[in-house]
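Engineer: Both chains are given apart, each in its own frame, so use the hints to dock them into the complex.
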Amino acid sequence: MDFANTFIDWLRPDWFLNLAVVSDDYNRGRYVAGLWMTIKLSVVSIFLSLIVGVLGAAVQGAPSRTLRVAVGIFVAFFRNTPPLVQLYFFYFAIGTVLRITGDNGLPQPLISNFGWAIISLSLFAGALNVEIFRAGVEAVPRSTVEAAEALGYTRLQIYTDIVLPLAVRVSLPALGTNLVNLVKTTTLAYAIAVPELLYVSAQIWSEDLNVREMMNVLLVSYVGLVAILVWVLHRWEKALRIPGYGE
Amino acid sequence: MYSPHLKPKVRGHMPVMLPLRLRADSLPLADRLFNLWTLTALVLALAVVLIGPAFAQLATPDERTTLTILLEWTPTLAKGFGFNVLISVLSMLIGTVMGVFLGVLQVSQTRPIRQAAWLVTQFFRNSPWLVLLFYCILLIPFQFEIFGVNIPFPGWIKAVIGLSLPVMAYTSEFMRGAILSIPTGQWESAESLGFSRRMTLTNIILPQTVKRVLPSWMNLYAVLTMATPLVSIIGVDDVMALTRAALSAEGRADLLIPMYLYILSWFFLYCYPISSLTRVLERKYSVKL
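As they're listed, the protein sequences go chains A and B.
Per my numbering, residue 1 is the first one in the first sequence, and the count goes up by one each step.
Per my numbering, residue 1001 is the first one in the second sequence, and the count goes up by one each step.
Don't read these hints as lab results, they were simulated from the structure.
There could be a bad hint or two in this list.
To give an idea of the interface, some chain B residues facing chain A are shown, with a C-beta separation under 10 angstroms as derived from the structure [claimed, not checked]: (1) Thr1076; (2) Leu1138; (3) Tyr1270.
If you want a taste of the chain B side facing chain A, the calculated C-beta under 10 angstroms gives, among others [to be verified]: (4) Val1107; (5) Arg1111; (6) Arg1244; (7) Gly1251; (8) Ile1263; (9) Leu1269; (10) Tyr1272.
Where chain B lies over chain A, by a calculated footprint (3+ residues, C-beta under 8 angstroms) [stated by the list, open to error]: (11) 34 to 48; (12) 112 to 122.
Predicted, not measured: the structure shown is a model, and the values here were computed from it.
Heads up, the beta-carbon is just placed ideally off N, CA and C, and yes, glycines get one too.
Isolated chain B, as found in the complex (with noise of 0.2 angstroms):
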């Protein structure tokens, strides 16, 4: 798309160069009223009109300002965020070892396995996060006896299952499209030099397919930290769980919207370096044509 605020960095580059465009007259007066700037400013008045009274209702004889309240609470919510992280680190965790098996099993020359492997990734890829998180909290025991001894099952290790059940299923469709992508000729060549098929897959596919996987996996990382708030619908005391429990001990209502701000803040101060790390890698590794 043509766009004239990128200038060619091109030694010689002189105006006259450009392709020939005409001046547009000035905008008439109408326009040069209502744009999206005199829009934008509307709408942030209207906001405050709107909002400003509810604010002043609500107001508490409270002393303590709203930054005070945040700084008090910042322990408690940073214990449930590295919850959160916690949760996240294993399942990752898990659904990559499950999801790198599947994905083998989807490229298995016997067709069975092969069809089974890939309805079993549909299925999980396809069905809502929330869902297996329910399915996992609700059908599975809360503690287990093996041997006479009765081991507990937490409801947090349930939604670490829960949420590496869709990890599996996408990292195992990244693995597929990965060994796929990589040429046949490394296979015909490693078996020429007689390695097995099991030999061919680990020695020299599975590495190859480490760095075309990394930047989706990067990706999906980001993406299962962000479901993580999820259990906390579920009853485990996440992050998100923490932060009702705080508002409803404060009782404020001026509070909520900047105590939810600070919670996104935080996913974002977490999430967009690991994005935008994934952007790099994705340039860098990006086939070159």
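Chain A extracted, bound-state conformation (with noise of 0.2 angstroms):
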């Protein structure tokens, strides 16, 4: 470390690069901690967002038309309205009125921030994720269903056993595309103050007057966590691969 910051005060006068993510340890901390948080809101966003995926789809296939007719109503909603929109209903209008009394007597938000930002994300993200899973359900061979069936399966057992692997393999692709902006739109958790990774960085900006760097640093930062998850997610298209099908 020692070195690396020799290398940094020499870089400084030459270039004015102020990387103080790299020089000063309250930055640094402070970056690692966007950083962390970040990636938090991201995995948990995904995960919760993949289980709204998987229950929205499998409830359009469902013979009640009231349950399909609600959800096709979510996916359009969520899917034509701005997510900052949606974020800010979430905190601003939902938020204030959803309060409990705390132990000081006063009222306290029963949500904290962190918390809108995720449910926001998840439902935002989940219901395209409806889409791209009812496409690969729909692109499931009827056959392999109808030989399900005559096998004796459960319309419970066909899709966790056998329409869900095959739909999960089918609509891989676009699902990546979609968490990858999921992960981009971790940024808008800006807007309501939630300390990820543009905050801090804004944070840090403001106090070193390093925005040039700092810019940088985030624009690379993001590019770097998006390029992880492309490469989880293509380790995870090759591991699910079955020969001879798809492609």
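Structural biologist: Printed below as a string of structure tokens:
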């Protein structure tokens, strides 16, 4: 680390590089905390959005017309309204109303800004996942389902054991695009003051006046995060591949 | 997936033709009592119990109903929404022109150009919109001096540029896919007719890509429109900023939910027809196997 510090001190006068994230312990701590928050936001939202997607797609194949229409409305609404306004709606509108009386007798929000960010992002990405999974489910040949029926599978068993494993493979490329989008959308949490990467970077550049350098660090960080996600998804796709199926 | 609600539309279709299904026993009482409907009713009742007192507490002696207030603010909000639409149209225009150019560069015959175009595309496609917006807002000067004349560069123009960057990257990727999807026979026959590469591109290949790119391009426009409220974060007075200003001017907590829902429905009414049309076009232009 000592060597790195000398290196950065040497860089600074010549290039006006003010890489506070590397040279300053305090700022590095903040940056790492922000990065960790972004990762937490992304991972939890990805997980919840996948659950929303699988459940929604299952319901869209259900016999009940009311349920199917309800899921259709949910998907149409969340797909065609701005995610930022959704987030504001959840945090400022519902969050303001949804208060409980805290220990000190003052009203406190029931769900923190981090919680609302996760809920909002999961529902937004989940609505798209429903569409993606449904397309995957529709791509499963009917004969496969009929064969499972002939073997005495129940509806639930057919969905979990036959349709879903095949549908996941079909929908992986589209799913990847959507999840990458979700990681990019976590920046919106900045608007409700969740201390994620963009938020802490804004703090650092307004204190250290190193906008240009922090901006570049920020862009590289996000491209790096997305690259990791793409790599993981690629590995997953490879691991799930059934020879002779798809392609 | 087997769906019993979809009756096949076949002449002479009779129930006896359907696969044999054993009639299920009627549900036990517990399942009939605790199903999705009762759960929904319970959640709703809980929400009312939780939210109701808050409303009662926050109610002010203000006489006007929510609807009147919404109507009062509508002209202001409409102006803001028009600004959003303007920003989205301009970004789309700039982004598409740059994107088509970049997409053509991505299939260039020179390797370095191809790789550079690929890198630029991937970079802007994978960085968050908000970060790109910050980038443009904070790093583009607020005025330029050309030949001694100061040309002002207001925030909203910088926002347009910031939003056009991801549009450029997405369009570039669509163009690359569309150009590569044109059968190579087209290139070869154009060559045999004596077309230069440039003429082949502009007269033969690009016109054919329009049809293939159109659905995703329209979808991109809807996504871009839904990204325009981001400019409120960086201080441009769009519909979102105006909404928040209106809410703080009224200062009524019971107005929060209706007002945000109102704005959401504006965007919904604008974007939903676009995405429905996209789906229609996708189905129409999809390759039939």
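Engineer: If a hint holds in the structure, say so; if it doesn't, say that too.
Structural biologist: Here is what the structure says about each hint:
1. Thr1076: violated (17 angstroms)
2. Leu1138: holds (5 angstroms)
3. Tyr1270: Since chain A brings a Cβ to about 8 angstroms from B/Tyr1270, closer than 10 angstroms, the hint holds.
4. Val1107: violated (21 angstroms)
5. Arg1111: Since the shortest Cβ distance to chain A is 22 angstroms, the answer is violated.
6. Arg1244: With a closest approach of 8 angstroms, the B/Arg1244 hint holds.
7. Gly1251: Since chain A brings no Cβ nearer than about 12 angstroms to B/Gly1251, farther than 10 angstroms, the hint is violated.
8. Ile1263: holds (6 angstroms)
9. Leu1269: B/Leu1269 check passes; min Cβ-Cβ to chain A is 9 angstroms, inside 10 angstroms.
10. Tyr1272: holds (5 angstroms)
11. 34 to 48: violated (count 0)
12. 112 to 122: violated (count 0)
When held up to the earlier numbered hints, the structure conflicts with 1, 4, 5, 7, 11 and 12 and fits the remainder.
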